[in-house]
Every structure is written in C-alpha cells, then in structure tokens.
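**Q** Chain residues, written in single-letter form:
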Amino acid sequence: MLLAVLSGFLLAIVVPLLHRVAGKYIGWLLALLPAGLAVYFSTFLSQVQDGPLLLEYQWLPGLGISLNFLVDGLSLTFALLISGIGTFILIYAGSYLAGHKYLARFFVIMLSFMASMLGLVLSDNLITLFVFWELTSITSYMLIGFNHEDLEARKCALQGLFVTVAGGLALMAGLIMLAIMTGSYSLSAILASSDPIHQHVFYTGAVLCLLAGAFTKSAQVPFHFWLPNAMAAPTPVSAFLHSATMVKAGIYLMARLNPTLGEGELWTMMLMGFGAVTMLTGAWFAFSSTGIKKVLAYSTVMALGTLTMLIGVGTELAMTAFICFLVAHSLYKGALFMLAGALDHETGTKDITRMGGLRKSMPVTATIAVFAALSLAGLPPLFGFIAKELMLESLLEAPLWSSLLVIATVASAMLIVGVAGLVAIKPFFGAPGDTPKAPHEAPLGMLVGPAILTIIALAFGLMPFIPENALLQAAVASVYGAPVDFNLALWHGINKPLLLSALSLIVGFLLFRAWPRIQPTLHALNYAGSRVGPEAGYFKFMEWITVVASWQTRMLQNGVLGLYMLVLLAVTFGLAGYTMFSHYGVHFTLNLADSHFYEWGIALLLVASAVFASSTHSRLGSVASMGVLGFGVALTFILFSAPDLGITQLLVETLTVILLVLVLFKLPEFVNLSTPFQRYRDLAVAIFSGVTITLIMLAVLDIQYFETISTYYVENSAALAYGRNIVNVILVDFRALDTLGEIFVLSLAAMGVLSMLKLKAEDQHKP
Amino acid sequence: MESLMAYVVGIMFTAAFYMMLRRSIVKLVIGLMILSNAANLLIFVVSGMTRGAPPLIPEGASGPVGIVADPLPQALILTAIVIAFGVLAFAVVLIRRAYEVVGTDDLDQMKDTDT
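From first to last, the protein sequence lines are chains R and A. Position one of the first sequence corresponds to residue 972 (this note's numbering), numbered consecutively onward. Position one of the second sequence corresponds to residue 6 (this note's numbering), numbered consecutively onward.
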C-alpha cells in the first residue's frame, strides 16, 4: 500500500526520461500506473465489506507520526475514483496537450498531484493527512498556473493557493484540537471511540476550524470564487480537479469525520446551511454563464454544495444519497469536462453561444455528451437519476429544515436541467454556429475517457446492484458510522421524488428554451453583484495586505541608521535593565575609600575627555580629546597591573590619532544636522543605556557566580609553556588559534584599506 | 576603585552611544572609538582591579609569587584592542571613500543603494 500511494511520486521522477522514449504515446504509457493502481485497489473490495482495514508503516515513530493507511468503504471509493478517472485523464492529457513543449513537466506535476490525493484519502494519521492535503494545494497551484506565461493564469493559481492554504492553516488547528479531544492522531482510533465529544470545550473551535479548511478546499460559498477561476488550467487539469480530486478533498474530510462530529447541532446546521446556499449559488451561476468550462465549473460548485448539505442531513438515506451522488457526479463531470476540452480543442472557442449543430461533424462527441448530460440532469436510465431520487427522498424525510431544503434542491435541479441542455443540446443541435475553427471529430485519446466513464454511469444506472454490493454498502457504512441496509433501484414507482423530478425537468427544459433571451439579463445582474461579492472582498483584502506591508516596511526598514540604533539600544537595555531590576534590584553603591588621589585624577580625565569629545563642535578638539581618552585608558591599564595592555594601547592610540588626523580632515566640518528634539531624545536613550551598564557592572562586582578559570593558566604557564609572562603565554600558546584568527582579520582589514586607497588613485587617473 | 570606575565606564558608554546616534558619519566614528575603549575598560573593571601585581612569573620560579592580577581578561582585552584598531582603520578609509563618492557625510543621505 505504501508503494501504491507513493508510486505516483516515484514515476514522476522518471517522466522526463520516459517522455524522450515514448514520445507522443506518453499519455497511454503513464496511464498504466493509475490503471494498475485501480486494479490493485479493487482487490480490497471484498475485504472492506467486513470493516475497515488498517495497514501500518512507521514514519516518524518518535513524534507519533505514522504512515498508516486506513482502507474502508469511503477511502476505497475515493481511491478508485482517483485512480480510475486519473487513468483516463492521463490518456486524455497526452492527446489534448500533444506537442506541448512542457508536456513532461505537466505529467510530473499531474502524477505528484494524483499521488498526494491518494495519500490524502488513504491516510490514517491526521498529521500525514494534513501533509498530503497541503501537497494537493501546492501541486494544484502548479497545475492551475501551468500556462505560467499568462498573467491571468498566474493570478488565478495564486488565488486558489491563498484560499486553500489559508483554509489549510485552520484545518491544522482543527485537526490538533480534534486529536486533543479524542486523545489520538489516528483516524481509525478516533472513529472507533464512542465517547461523545460534542460536549467538549474545544468542540466549537474544532468544528469551525475543520470546516474552514473543508469549505475553502471544496469551494463552498463564500469561498467558491477560486474554483471557476481555476479554469485557467489546461482542461485535463480542470476535469481531474473537479471530478474526483482537489475539491472533493474537503468533501472527503467532512464525510470522514461525520460519524465523530456529526452529533453536534453546530456541525449539522453549518453543513446544511452552507451546503444549500452553495448549491443554489452554483446552479444560478452555472445557468447564467456562457463559457462552457465556466458553466461546468459552477455546476461543480452546485454539486459540492449538494454533497455538503447531504452530509449535514446525516440520515441513513441522506448518506446513501451522498455516496451515490458522489460517484455519479465524478463520472459525469469527468466525462463532460473532457468533452468540453474536446469542443474547445476542435472548434477553437469556449463560448456556448457560438456553437451549434456540431452533431454532424462530431457525432461521437455528441452522443457521449448527451448521455453524460442525462446523468447531470438526473434522468433515467443513468446513475445520476438514482442519486437524484435518493437525494429528494432523503430531504423529504430530513429531520430539520426539510421543506426549505427540498425547495432549494428542486430550484437548483431546475437550473441544472437547463445547464445540461446548455452543454449537450445547444452545441450539438440546431443551426450551425460560427466557430473559429472548422470543427471535426476529436481524436481517439480524447474520446476514450469520456466514453468509458459514461458507459460506467449507464451500467451503474441499469444495474445498480453491482456497485451497491461491491462497494457502496461499505462506503455508506463508513460515513454513517454503522451498517446501513438499502437497495438501489431505477424504478421506485410513482412517488413524491419522481413527481418533483418531473417538475424540475419540465421547468428546466423551459428555462433552457428561454436561455438565449434571458442570459444577457442574468449576466448583467451577476456583473452588478460581483462588485460586492466575496471575490471583491478577496481583492480588497489582498490590496489591504499590500498597503499594510509597505507601511510596515517604511516604518521598520526606513534606512535611517540612527533610528535602527535607537531601537536596538532601547530594546537591548530596556530588556537587560528590566531583567536586572526584577532579579537583583537597583543598587547604586560607591566606595571612595579604596582609591588613591591620582586614580581620581585619571577617572576625571576619562570622563572629561569623553564628554568633551562628544560635545565639542571642533573636529580637532574631538580628535585630540580622543587621544587623551586613549592615553587615560592606557594609564589605567599600567596602574592596575596590566603592562602589556598599557603598551599596546599607547601604540594603537598613537596610530589612531595619526590616522584620524590624516583622513578626517578631508571630510567636512562638524555641523548640527539634527533638531533639538532628536538630540534630547538620543541623549535620553544614551543616558538610560549608560546608567544600565553602570548598574550591571556594579551588580557583577557584587555577585560571584563561578570560580575563575584563570587559575589553570597561572599554574601551567611556566610548567607547560615555559613562558613567564602569563598574558603572552595565553595569547601565543594556550589560545594560539584565536590569535591566528585575529591576525587573519587584521590582514583582511589591511587589504581592504589598501584596495580602497588604490581604487581612489585609479579614479583620479581617469580623465 | 571598581565602583568608581563603573560610573566612569557608564559615562563613556553614554558618550559613545550619543555620538553613534548622530547623523554625521565622522561623529559615528568618534562614537565607535569611545565605545571600544569603554568596552575594554568594562571587562577590565569587572574582572577586579589589582594594584602593582602584573601576572608575571619570576625567573626560576614555577608560578607567580603572591596574588597577581587575572591574566585572562588581559589577554581578551589585548585581542580586542588590536581588532578594534583594524575595524577603525577600515571604517575610516571606507567613510572617506563614501564621502568622495556620495559627496555628503550625512548618514540619512546615504540610505539608498543607488547613490
């Protein structure tokens, strides 16, 4: 299993090589992997009937993070959809993008994306799940922005990334809270435990965070706007993203956690409310768009809303409807998207209003599209019909908000019937449209996927007991949390759901007929609404971030050295002073009795020269008092038993004064550049820092924490190093490497000085 | 003596910081010089000041006679003095070069990379 999940990543590594070998058959070749995976996953079909399966692999045992995989009805359904549809998508992409110069790169990302998605739905550990979740965000970002030279594509990709990754952060918080509440990071353990957690203090927070992650990923209102924009991706990506992957990740998460979190009212109401609103919004926008990909994208939003709503309803029937609709939607949406790409590819336009009468030139495409659209509209004998009947039936029996949900669903069903007409009838029947390219039938590679998916949908519709027995029973059991007994059938007799279906069909057909006349009005309405919609909010938010970032940069990185130093000093000595004040207190001690009078003289000399050097307006005065200061320090060293320091200080000080006199007098006179306020502010900070240093020194003199380590050097200087000047022995023997480093630094400085002086000389040679 | 010197060092640091906060680059250099002297003295003072007992070993003896000044801080300061001189020499030449190129000694005028 571990190999199965990671094989996508492994294959991705060698894709560029394979591309060179396989050439234009690369799509068919790579499709062998997901096909093989689908076969592999189907070997688990019989096992999951008896309950979930846990396959254990260690990853980071020290951190309690494992690569365990949980295989039950739900995760197996998803894994089969991902690998199955992935197979056809890869074949399709090889044909759709034939000859594209970045074809190999495309397959690398696509395979990584598929592997991440598989990891996401099969992970048992919450942390591993999160890692795969973020991997899907990143790989889908690269897929949406695949046409990276297109500014619009880059913007849309970034938008998708921001929205889903922001949700991902919330998701992480939610997962951690979930683990705290249940005491485990393992999904199988969380699902198996029966302790009620909706009373827990973290419950509300966890639900809100988890739903923020799921809603952003699954494009629920008000985060739905990124999904239609993700149409900037090449069509194979859209088909994959919409049918079985990416947006279904949020749905998967909600379905997965439903048995654990579903008992709380917050969960139920949020899911039903947001789901219903998303369903209606998606259906509305799908019906009022003209681009065939936009239409399909918004119908995906509709489907995601429906799925969310069904999880929220949470009854046995609703869960059955959920699983059936999930499978039905994946099948027809994958097929329709691939067909939309074929239409775009062969006619050169995405605009539905410009297509018409294509059934003559593209008969196969037209046939498949009609059948897939029947499933979309929920008509017999396709699987979509069964799902829709179940959905209406479950909503009629919903324990809460039943009539509201039924009205919303019927309304959106009417619109979706109209949408089905738009994608299946409008392009293929009626008067020929004027298309930029002379239309002709799509190549085999682009038709095989949609054809097989639609045949499956038809077969499932005619023989619903096959998927039911093989997988759906187990899948429903894992989302409901207990075994559910149901029998899928195409014909239930004449009952309320059927009547509602018929009603939506009739109204939907009328809507479709009226579409050419009302579409411009709807479009204008949407345009007016877009100024206040969530997408406008997103752009406002991004603008605001830029403004804040530039304001903050201006404030903090303003390039004024003095301000940087001011902040550094204030913070450093503020913190140091505070620490000392709270641990030691403020003690100004002064012992004058132990000083000789000439030592007083030196102290005064140091103070006077420092103050004079910093207050005089004369450069010469300043430099001279610097000399005095240096010699004062040298005197101190000599008086207090440090002859070596005294000698060095005298030498260096002499050199320094000479250097300053030579160089500084090429520079302008001292002038006052600061305002009085700045000077007093700087003085205040400087005095505060100086006082803190004095206090720290007094404290250090007062306390002795450690034994001195100098004893070793004093005792061993003669014995080991045969030197009698201990300071010298330390420098050139005990710590000789440090001294070597020092010499190195000095040489570097000397070279720098020399090169800068030479640079100047060369400048002057220039005319 | 140490407590007195603590105040002296504090005043030297104050002068150094004040000069380093000025906009004139020459004053910044003066501040830097006071700072290195003050830092050396700080280490010297807090390690304890001993009169008339340099850390030397008389000829023929295996160790110093009586209590001597701590040699370790002195070794540190010796290194610091030399390094400070290297930094100063480099800074001074750099400033002079910068002044020739930019034509100002006002640090606030030097904040753009493209002057």
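Bear in mind the hints are in silico, worked out from the structure with no lab data behind them. Errors might be hidden in some of the hints.
[As the list claims (entries may be wrong)] Estimated spans, in silico, between C-beta atoms of each pair:
hint, chain 1, residue 1, chain 2, residue 2, range
1, R, Gly1592, A, Gly68, 24 to 32 Å
2, R, Ser1726, A, Ala66, 44 to 52 Å
3, R, Leu1179, A, Val107, 17 to 25 Å
4, R, Ile1674, A, Gly68, 52 to 60 Å
5, A, Ala66, R, Val1703, 19 to 27 Å
6, R, Gly1070, A, Val107, 49 to 57 Å
7, A, Val107, R, Gln1675, 44 to 52 Å
8, R, Gly1033, A, Val107, 49 to 57 Å
9, A, Asp113, R, Leu1711, 35 to 43 Å
Because the structure is a prediction, the values reported are computed rather than measured. Note that beta-carbon positions come from the ideal geometry of N, C-alpha and C, so glycine has one too.
**Q** Hints first: check each against the structure and report whether it holds.
**A** Hint by hint, here is what the structure shows:
1. For glycine 1592 of chain R paired with glycine 68 of chain A, a C-beta distance near 48 Å fails the hint of 24 to 32 Å.
2. At about 49 Å, the beta-carbon gap between serine 1726 of chain R and alanine 66 of chain A stays in the expected band of 44 to 52 Å.
3. Taken as a hint, the range 17 to 25 Å is violated for the pair leucine 1179 of chain R and valine 107 of chain A, whose Cβ atoms sit roughly 56 Å apart.
4. In this structure the hint that isoleucine 1674 of chain R and glycine 68 of chain A lie 52 to 60 Å apart at CB is violated, the actual value being about 28 Å.
5. In this structure the supplied range 19 to 27 Å holds for alanine 66 of chain A paired with valine 1703 of chain R, their Cβ-Cβ distance being about 20 Å.
6. Under the hint 49 to 57 Å, the C-beta atoms of glycine 1070 of chain R and valine 107 of chain A, about 56 Å apart, fit the expected range.
7. A beta carbon spacing of about 50 Å between valine 107 of chain A and glutamine 1675 of chain R agrees with the range 44 to 52 Å that was offered as a hint.
8. Checked against the hint of 49 to 57 Å, the C-beta distance between glycine 1033 of chain R and valine 107 of chain A comes to roughly 56 Å, which is consistent with it.
9. The hint said 35 to 43 Å for the Cβ distance between aspartate 113 of chain A and leucine 1711 of chain R, and at roughly 40 Å that hint holds.
Hints 1, 3 and 4, counting from the list given before, are not met by this structure.
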